Amino acid sequence: MPTLNPHSVLERVRRDVERNALRTRNGIRLATGARPSVGCTPKDVAWRSGRTELWHYRNDDVRFTPPLLIVFSLISRSYILDLSPGNSFVERLLKAGFDVWLLDWGVPDERDAQNRLEDYVDEYLPGGIARVLELTGRDQVNLLGYCFGGNLALLHAAHHPHSPLRSITVMATPVDFRHMGPLADVFGVGGLEVADVLDANGNVPPQVVLQGFRTLKPTSEVTRYVDLWQRLWDDEYVAAYQAMTAWSDNHVPFPGAAAQEVIQMLVRDNGFVTDRLTVGDDRVHLADVRCPFLTVLANRDHIVPEPAAAPLIELVGAPDKHELRLNAGHIGLVVGKTAARTTIPTIIDFMQQRSEVST
Amino acid sequence: MAQPPLWRRLYDSAERTVAPRLESVVRTEHFARGAALAGWAQATARTQVAALSARVWHLVNLPTGTDVARLRAQVGALDREVRRLAFHLEQQQAHHDARTHDKETGGADAQSP
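As they're listed, the protein sequences go chains A and B. To get the numbering used here, take the position in the first sequence, counting from 1, and add 5. To get the numbering used here, take the position in the second sequence, counting from 1, and add 1.
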């Protein structure tokens, strides 16, 4: 039997008392809803159309050209890419010397319910690119799509082979929707119609998407509270927890018409893999994506599992194409230690190789 | 490294047993069909209730939530059309400006020695 050292017992009691005091303080902070600031990197709105905004992040030390345009997903808020100072994907890109722009789709309302994928692929995205070129005086951009933003970037590049793109990078972008789990299966295998889940505005409410994500890991909700209780004394952990949960619980509505297209074309027809993609009235093919291409996928991603993202590298027609598989989760690609250590430096390296030193 | 407390070890061990089972259940075809059926039943119930309340409101000549939603959808569709038109006009204008600029530059080039 281990012997009890009075000093170590006292030390443990002291530590537990201290931690319980900190737990109480942080618990009160959480209960009163005090939230850490997110999306703090200084930026300007360079263009606006509908709810869409083009953001330009300020950078006095741009060392590379062409500019980098980030395309975000349609169902969540883009500040995950600029979560907090010191834990910001955007901040790292700026420090690496890029001129960073981001297309943020805003919060769709009833005016966006009729938006189809072509609105994003043929209008907002080219509109954003044109504005970046106009303001920078350059003739190309590097495009970076995150999650479903990657799908939009791919559809754009496939539909507009002459779009002024120096390169495309996509992260956690699904193409084989048979592997997307319960959220896709309910509509694909289950046969639920998008019309059955639309809200009064004609959009898919964020709760539906959130519920779908929660179903992917049924115990994660409980585990999240257990983790929080265990580390409630740790200020750093609590701040990160607040920022992350505020983001993961706070999705945006998915425009109804676009959702219907996604379910039919991408889920039921599995269009990316079966080459049955249509934008507007035109057939498009991933084989027409010819510019330098990088796909980044995470092998612990439970939202876009590896088998859903893996076929992409074979589907694009670019002669200069690369795949990066990382030991990370979906969010871990852009937030936290793996992102800081591996993902971001690799993306920076890829894009620096496809850029010139700015004069 | 310090060991996690006993309660945490108990939770982790229970979670390790339960989570994979639940995850495999939610990935079955039966679950997808069940969830779809539940979604459809919810939508049907919502429609029935809305229809019933609409009948009551219409009896006293008042608009219902469904009427307002329909109007909002129409306004939304109109807003999209206007936005698309504005976008195409902008594009044509830019195209026209570029052509005019090219012509002017071409003319200047032709005049230079």
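Read the hints as simulated data drawn from the structure, not as lab findings. On a predicted model such as this, the values are computed, not experimentally measured, just so you know. Just so it is clear, CB atoms sit at the ideal spot from N, CA and C, and this is done for glycine as well. A hint or two may mislead.
Stated by the list, open to error - As a list, the in silico EDC-like pairs of lysine to aspartate or glutamate whose alpha-carbon atoms are at most 20 Å apart:
no.: 1; chain 1: A; residue 1: Lys222; chain 2: B; residue 2: Asp103
no.: 2; chain 1: A; residue 1: Lys222; chain 2: B; residue 2: Glu82
no.: 3; chain 1: A; residue 1: Lys222; chain 2: B; residue 2: Glu30
no.: 4; chain 1: A; residue 1: Lys342; chain 2: A; residue 2: Glu241
no.: 5; chain 1: A; residue 1: Lys48; chain 2: A; residue 2: Glu23
no.: 6; chain 1: A; residue 1: Lys100; chain 2: A; residue 2: Asp354
no.: 7; chain 1: A; residue 1: Lys222; chain 2: A; residue 2: Asp274
no.: 8; chain 1: A; residue 1: Lys100; chain 2: A; residue 2: Glu361
no.: 9; chain 1: A; residue 1: Lys342; chain 2: A; residue 2: Asp354
no.: 10; chain 1: A; residue 1: Lys326; chain 2: A; residue 2: Asp181
no.: 11; chain 1: A; residue 1: Lys222; chain 2: B; residue 2: Glu16
no.: 12; chain 1: A; residue 1: Lys100; chain 2: A; residue 2: Glu128
Claimed, not checked - In silico contact screen, one side only, chain B against chain A (beta carbon under 8 Å); selected entries:
no.: 13; residue: Arg10
no.: 14; residue: Glu16
no.: 15; residue: Ala20
no.: 16; residue: Ala33
Unchecked claim - From the structure, some residues in chain B lie toward chain A, with a derived Cβ separation under 10 Å:
no.: 17; residue: Arg9
no.: 18; residue: Leu23
no.: 19; residue: Glu24
no.: 20; residue: Val26
no.: 21; residue: His59
no.: 22; residue: Val61
no.: 23; residue: Leu63
no.: 24; residue: Gly66
no.: 25; residue: Val76
no.: 26; residue: Asp80
no.: 27; residue: Arg84
Now for the hints, and whether the structure bears them out:
1. Proximity of Lys222 of chain A to Asp103 of chain B is assessed by CA-CA distance (about 58 Å); at most 20 Å being required, the pair is judged violated.
2. The suggested pairing of Lys222 of chain A with Glu82 of chain B is violated, with an alpha-carbon distance near 40 Å, which exceeds 20 Å.
3. The hinted pair formed by Lys222 of chain A and Glu30 of chain B meets the criterion: a straight-line CA distance of about 17 Å does not exceed 20 Å.
4. For the given pair, Lys342 of chain A sits about 14 Å from Glu241 of chain A by alpha-carbon distance, which is consistent with the 20 Å threshold.
5. For the proposed pair Lys48 of chain A and Glu23 of chain A, the alpha carbon gap of about 41 Å is over 20 Å, so the pair is violated.
6. Distance check on the hinted pair: Lys100 of chain A and Asp354 of chain A sit about 13 Å apart at the alpha-carbon level, within 20 Å; holds.
7. Pair hint Lys222 of chain A plus Asp274 of chain A does not hold up; C-alpha atoms about 26 Å apart against a cutoff of 20 Å.
8. Under the criterion of a C-alpha separation no larger than 20 Å, the hint pairing Lys100 of chain A with Glu361 of chain A is consistent with the structure, at around 16 Å.
9. With a CA separation close to 18 Å, the supplied pair Lys342 of chain A and Asp354 of chain A stays within the 20 Å bound.
10. Taken as a hint, the Lys326 of chain A and Asp181 of chain A pair is honoured in the structure, with Cα atoms around 19 Å apart against an allowance of 20 Å.
11. For the hint linking Lys222 of chain A to Glu16 of chain B, the alpha-carbon distance of about 11 Å falls within 20 Å, and the restraint holds.
12. Between Lys100 of chain A and Glu128 of chain A, the direct Cα distance comes to roughly 31 Å. Violation of the 20 Å bound is thereby established for this hinted pair.
13. With 8 Å as the threshold, the beta carbon of Arg10 of chain B stays out of range of chain A, its nearest partner Cβ sitting at about 11 Å, so the hint is violated.
14. The interface hint given for Glu16 of chain B holds, since its Cβ lies 6 Å from the closest Cβ of chain A, which is under the 8 Å cut-off.
15. Hint status for Ala20 of chain B relative to chain A: holds, with the closest Cβ pair at about 5 Å, below 8 Å.
16. For Ala33 of chain B, the shortest C-beta to C-beta distance to chain A is roughly 4 Å, which falls under 8 Å, so the interface hint holds.
17. At about 6 Å, the closest approach between the beta carbon of Arg9 of chain B and any beta carbon in chain A falls short of 10 Å, and the interface hint on this residue holds.
18. Given hint, Leu23 of chain B at the interface with chain A, holds; its Cβ is 4 Å from that chain's nearest Cβ, closer than 10 Å.
19. For the restraint placing Glu24 of chain B at the interface with chain A, the shortest Cβ-Cβ distance is roughly 7 Å, inside the 10 Å limit, so the hint holds.
20. Interface hint at Val26 of chain B: satisfied, since its Cβ lies 8 Å from the closest Cβ of chain A, which is below the 10 Å cut-off.
21. Look at His59 of chain B: its Cβ only gets to about 18 Å from chain A, farther than 10 Å, so that hint breaks.
22. Annotation: interface hint on Val61 of chain B violated; nearest CB of chain A at approximately 21 Å, more than 10 Å.
23. For Leu63 of chain B, the interface hint is violated, the least distance from its beta-carbon to any beta-carbon of chain A being 17 Å, above 10 Å.
24. Hint on Gly66 of chain B holds. Least Cβ distance to chain A is approximately 7 Å, under the 10 Å limit.
25. Residue-level restraint check for Val76 of chain B holds (minimum Cβ-Cβ distance to chain A is 7 Å; threshold 10 Å).
26. A distance limit of 10 Å between C-beta atoms decides the matter here; for Asp80 of chain B the minimum to chain A is near 4 Å, and the interface restraint holds.
27. Interface hint at Arg84 of chain B: satisfied, since its Cβ lies 5 Å from the closest Cβ of chain A, which is below the 10 Å cut-off.
The structure is inconsistent with the numbered hints 1, 2, 5, 7, 12, 13, 21, 22 and 23, although it conforms to all the rest.
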